[in-house]
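Taken in order, these protein sequences are the chains called A and B.
Positions 22 to 135 (the numbering used here) are the ones given, in order, by the first sequence.
Positions 697 to 922 (the numbering used here) are the ones given, in order, by the second sequence.
If you're looking for bench data, these hints aren't it; they were derived computationally from the structure.
Positions of the beta carbon are idealized from the N, C-alpha and C atoms, including for glycine.
Take these hints with a grain of salt, some might be off.
Said to hold, decoys possible - Not close to chain A: a few residues of chain B, all C-beta gaps over 12 Å, as computed:
id, residue
1, ALA706
2, ASN750
3, ALA757
4, ARG772
5, GLN797
6, LYS845
As the list claims (entries may be wrong) - Once the Cα atoms are required to be at most 30 Å apart in a straight line, the calculated DSS-like pairs of lysine-lysine come out as:
id, chain 1, residue 1, chain 2, residue 2
7, A, LYS123, B, LYS878
8, B, LYS767, A, LYS123
9, A, LYS29, A, LYS123
10, A, LYS123, B, LYS901
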Amino acid sequence: MQLINLDKVQLMIESFKDEELYLHLEMTTGAYASHIDSSKHPAANFITNARIKYSHGSIAGIGPYRVGLKMADGWIYSEGLTHWEEQETGRLLLAGHDGQGKLVVSLQLSREPF
Amino acid sequence: MREEREDVMAEQILVVFPHPDDEAFTVSGTLAKHIDDGAHVTYACLTLGEMGRNMGIPPFANRVTLPHVRKIELERSCEAIGIQDLRMLGFHDKMIEFEDQAHLDEQLDHLLKELRPTIVYTFYPGFSVHPDHDACGAAVVRTISRLPKEEQPIVYGVAFSKNHQQVLGKPHLLNDVKEYLKPKMASIEAHRSQFQAAELMGSKKLEDEEIRERYGTERFWIYPFN
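Pulled out of the complex, with its shape left as it was, chain A reads as follows (with noise of 0.2 Å):
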């Protein structure tokens, strides 16, 4: 993956507007949190494959990034993304990496299932 690059981000939410998409999101702490340190809580959620649409969104912060969608009944949000995948075109790959490179949190947009 690549570091972000906000106007083509951008782009390509611009370009999923109002069509009917499979949605991942996703956001955890690792399974290991605890256990490496017990001050640490442990949580995790994920939602693979859900069907959406929205009608207006974009990428906004100067790093890590947030992205917000809007939807006729409710809202996407997503906090501390960093990377995507530039080679990417007919789907959006979004994800925020900790400094250990270790994958805290994705959305991910795609015409198709994942």
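Position chain B against the provided structure of chain A, taking the given hints into account.
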């Protein structure tokens, strides 16, 4: 004649772990030694670790490519150890504890009936930290407990939760694998997206006392049926 006898005597070993790389630190030296002694090893890996957080440094994998990357890493790790038979069972990473138990147990039961192993390596349920580890070990012992007593293989469990020694006591089996550090380190290094081998090893060589101490012993607890 000698070869023939070895075939007949060959120990059948089944290893069941949920993630590619679970074998590397825990059991790879032990397996390399078994294989050296003529054993046949089947490794049933429940998932492709597709929800893993490590993508390499810098990240050369992503959430979409990770299962493919880790599948290749798993195959290389098995080659390094000498494992003859790798089965990838296709379950979803992180979801083992939520999987349909009848479905999961059936897959394991098929393997046990097909291979008739005398030894099984898995995670010791309840003492293996990651929910997938505990659920994997639980499924293995649950399935084996349904076999007739005389068909039950011995189960060596890997345990590493904070309280494991308090409850389970000292390891029942302490395998010295210092002679097998080469395949073991090659197994660890095969999982390139997960472990930065250079980071683990630093400038140390396999001969270094610290490496030999750290990786030279593998510990197991025998699961008590009944």
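Here is what the structure says about each hint:
The Cβ of ALA706/B lies farther than 12 Å from every Cβ of chain A, with a closest approach of about 36 Å, so its non-interface assignment holds. Remark: the non-interface label on ASN750/B conflicts with the geometry, its nearest Cβ contact in chain A lying 6 Å away (cut-off 12 Å). A beta-carbon of chain A is positioned within 12 Å of the beta-carbon of ALA757/B; the least distance is around 8 Å. Every C-beta of chain A lies more than 12 Å from that of ARG772/B, the closest at about 21 Å, which supports listing it as non-interface.
The beta carbon of GLN797/B is kept farther than 12 Å from every beta carbon of chain A, the shortest such distance being approximately 20 Å. LYS845/B, annotated as away from the interface, keeps every beta carbon of chain A farther than 12 Å; the closest lies near 35 Å. This hinted pair checks out: LYS123/A and LYS878/B have alpha carbons roughly 27 Å apart, not beyond 30 Å. For the given pair, LYS767/B sits about 19 Å from LYS123/A by alpha-carbon distance, which is consistent with the 30 Å threshold.
Distance check on the hinted pair: LYS29/A and LYS123/A sit about 24 Å apart at the alpha-carbon level, within 30 Å; holds. Only pairs whose Cα atoms come within 30 Å are accepted, and LYS123/A paired with LYS901/B is accepted, the gap being roughly 27 Å.
When the structure is compared with the earlier hints, violations turn up for hints 2 and 3 and for no others.
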